[in-house]
Amino acid sequence: MSVAIRRLDTRSPGFDAELRALQHWSEQTDAAIEARVAAIVADVRARGDAALLEYTARFDGLQVARAAALEIDPGELQAALARITPAQRAALEQAAARVRDYHRRQLQACCRGWSFADADGSRLGQKVTPLDRVGLYVPGGKAAYPSSVLMNAIPAQVAGVGEIVMVVPTPVRGDPAAQGERNPLVLAAAALAGVQRVFTVGGAQAVAALAYGTATIPRVDKITGPGNAYVASAKKHVFGQVGIDMIAGPSEILVLADGSTPADWVAMDLFSQAEHDELAQSLLLCPDAAYLDAVQAAMARLLPQMPRAAVIRASLEGRGALIRTRSLEEACAISNRIAPEHLEISSKEPQRWEPLLKHAGAIFLGAYTSESLGDYCAGPNHVLPTSGTARFSSPLGVYDFVKRSSLIEVSAAGAQVLGPIASVLAHGEGLQAHARAAELRLDAAAAGAAAAVPLAERLQHTVRQDVQSMHAYAVQPSEGLVKLDAMENPFRLPPELQRALGERLGHVAINRYPGRCTADVIDALARHVQLPAGCRLMLGNGSDELISLLAMACDRPGAAIVAPLPGFVMYEMSARLQGLGFIGVPLTARFELDADAMLRAVEQHRPALTYLAYPNNPTANLFDDAAIDRIVGAVAQQQGFVVFDEAYQPFASRSRLPRLAEHPHVLVMRTLSKFGLAGVRLGYLCGHAALIDEIDKVRPPYNVSVLNAEATLFALEHAGEFARQAALIRAQRERLQAALRALPGCEPFPSEANMILVRVPDAKRVFGGMKARGVLVKNVEGLHPLLANCLRLTVGTADENAQMLDALKASL
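Going by the numbering used here, the first residue of the sequence shown is number 1, and it counts up by one from there.
Hint data in this document are derived by calculation from the structure and do not stem from the laboratory. You may find that some hints are simply not true.
[Said to hold, decoys possible] Quick list of simulated restraints, FRET-style, between CB atoms:
hint	residue 1	residue 2	range
1	116	9	52 to 58 Å
2	65	464	42 to 48 Å
3	394	93	41 to 47 Å
4	124	64	40 to 46 Å
5	93	162	21 to 27 Å
6	66	32	46 to 52 Å
7	782	50	19 to 25 Å
8	116	39	29 to 35 Å
9	124	762	46 to 52 Å
10	393	592	18 to 24 Å
11	600	113	40 to 46 Å
12	78	697	42 to 48 Å
13	798	721	53 to 59 Å
[Said to hold, decoys possible] With a cut-off of at most 30 Å between alpha-carbon atoms, the simulated DSSO-like pairs for lysine-lysine come out as follows:
hint	residue 1	residue 2
14	236	348
15	403	348
16	809	778
17	483	236
18	358	403
19	358	348
No experiment lies behind these values; they were computed from the predicted model shown. From the three backbone atoms N, C-alpha and C, an ideal C-beta is built for every residue, glycine too.
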């Protein structure tokens, strides 16, 4: 079956005219359609729900008594997600995850507000704000375009749009009493993409309802999504009242080929656009005439296998072409003239040609990058400019769902500089009030021009806004109190070891930067923890510094950190300070890992770092190893790392360190603070040697002092004493647990650390009562809703624990 696709050659004298004729497509809508759409839009604007019900009954056969019945219950979206096949759900979830990840990175790269202070102290910048509400039009009935739902809704969700409203026609086939055809794939995609409300309306009437609002359908700020001629015309009519994405023409693909890709692959790529409709355009540009022959032969051989063969043939023969060029450089120049929707560079060296290409909706590089992968699951958006509009417009993205406002804050000194400029220009335009407004401020500024900028204003302009809104890490005053709030080892060194340590520190060369001593600490720690072969460790000024270094090392556009909550506050703080996203996943009511929720977060956000505190702070429990193994396995299939924070390992029954060599993407972090050296501030991070070497590159020089290094070496030489202390603390913990369980009104939770989390009737009152009685613990109820009325008690000496119990009993 031959395909009579036109063959063009750039050497032909008439090529330019032939190309112009090939590109011509009239976007003029039938006058009758325009008139009908104008009437529908005006009617819905005037009569609202009543008109909407009439048109829905007339065009879709869907008859309901009230407009509220047009809304699909959110539970039906979740039911659709559960009802589709496992393969379909997996495909939707994987596609959604990739689209979301791409657009999160896009958000980081181009949709953040910014500001700067100029030399006069004036602050200038740009504020980026998500739209309040957007409308998504989705074709319905027999047509099923779940990919369109993902591509339109996910960027809006990532941008932070307040509400996403979807309209989808559900035409009735047969029984007038039926609810219409509700495609489960489309509804499932809506559930995954974050759509909040769905209405079963379509056509021009749906666009009008979104643009002007009715009693049932809320007015939106922008409308996106594909549709037929009536939908496109309606979007043009309402533009100005609301924003729209674009008015799309027929789909297009242009393939630049050097002849190295199998001809069947390219033929099928051309088919993939031609099957959309008869007006779609498929073009192949190649310098090799024999390759063009091979592709045409492949078309003839493959076409009979296509269910939509008639549409494909009409498209290829009506608007397609195989074009022989003098070179690939010339092919690139022609592509720039056409500015296609989809552009494939099907060559051995796609990166060589990509810099020459300026105008295209999406550029697909290399033989393995079929356009269809971009349509469904690669990640970038498939809503692309058509009909040459890629010369000045872009794919749909998060930037389409935000708006930008200029920020201008002129200082007193700045007004003196800018005022004369504005005054001259305003007088020149004959706008005297403009000029006078600038001059009045100029007079006021001159009076105080010599004054220094106040510190408050200086801070406002110079220090990051997110830092200004943060609270510093708080340490509670503890003088005169039994200090059981910070999970410290309550035991000091025996007197003979104190004397030995003091004498040893007296010989340290504190006039020199740290040198060999830190390497000695690394070697001693590696022996102490029995570091597995092939692994290495690095030192930090406490684990806090290591957490910050990890965030710094992994700070790429769109990077995120996932951690269970409640958890150690520094995971989130380091992420925020470094500009990474932070996703907290709530624990269960009994403070266990919600494995399914963690796995969803890992799949959705593809974090650079996933933290698992083992045991957890402030809950003190060890998470279930089976759940942990699932999370480690899920991250193994992606690109991030899992960090086990074993700060409380001296008191725990299990450790992940012996299994470290099994997983090159796993790190184990510990601190000597709980070992008994909280004042030394030394943490260490263990992992595969190649991984530690990369992270160590961002460590500041000399981050561990010679005194701290020497004290650490001394402690490791006397590790038996610290092991004895840890055993005493574990024994005291069990006695304290038993006493707390017997205490009415007190609910202690399991602990594998040197702390115990307890729930009391009124945490604030009990905390205050204990402090008044000389015992300081930690009130953690403000850290997370799950910690309501919870206190964290550090395990102390036998005497300290007795005082704590007495204070607790008296305060309950």
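Here is how each hint holds up against the structure:
1. 116 with 9: 52 to 58 Å: holds (54 Å)
2. 65 with 464: 42 to 48 Å: violated (56 Å)
3. 394 with 93: 41 to 47 Å: violated (27 Å)
4. 124 with 64: 40 to 46 Å: At 53 Å between Cβs, range violated.
5. 93 with 162: 21 to 27 Å: For residue 162 against residue 93, whose Cβ atoms are near 25 Å apart, the range 21 to 27 Å holds.
6. 66 with 32: 46 to 52 Å: Given range 46 to 52 Å: violated, Cβ gap about 32 Å.
7. 782 with 50: 19 to 25 Å: The hinted range 19 to 25 Å is violated for residue 782 and residue 50, with Cβ atoms some 52 Å apart.
8. 116 with 39: 29 to 35 Å: violated (52 Å)
9. 124 with 762: 46 to 52 Å: holds (50 Å)
10. 393 with 592: 18 to 24 Å: Violated, since residue 393 and residue 592 (Cβ atoms, about 50 Å apart) do not stay within the stated range.
11. 600 with 113: 40 to 46 Å: Violated, at about 29 Å.
12. 78 with 697: 42 to 48 Å: holds (46 Å)
13. 798 with 721: 53 to 59 Å: Check failed, 18 Å falls outside 53 to 59 Å.
14. 236 with 348: This hinted pair is violated, its Cα atoms lying about 43 Å apart.
15. 403 with 348: violated (41 Å)
16. 809 with 778: Between residue 809 and residue 778 the Cα gap is close to 16 Å, so the pair holds against 30 Å.
17. 483 with 236: violated (70 Å)
18. 358 with 403: holds (26 Å)
19. 358 with 348: Cα-Cα ~20 Å, so holds.
Hint violations for this structure: numbers 2, 3, 4, 6, 7, 8, 10, 11, 13, 14, 15, 17, all remaining hints satisfied.
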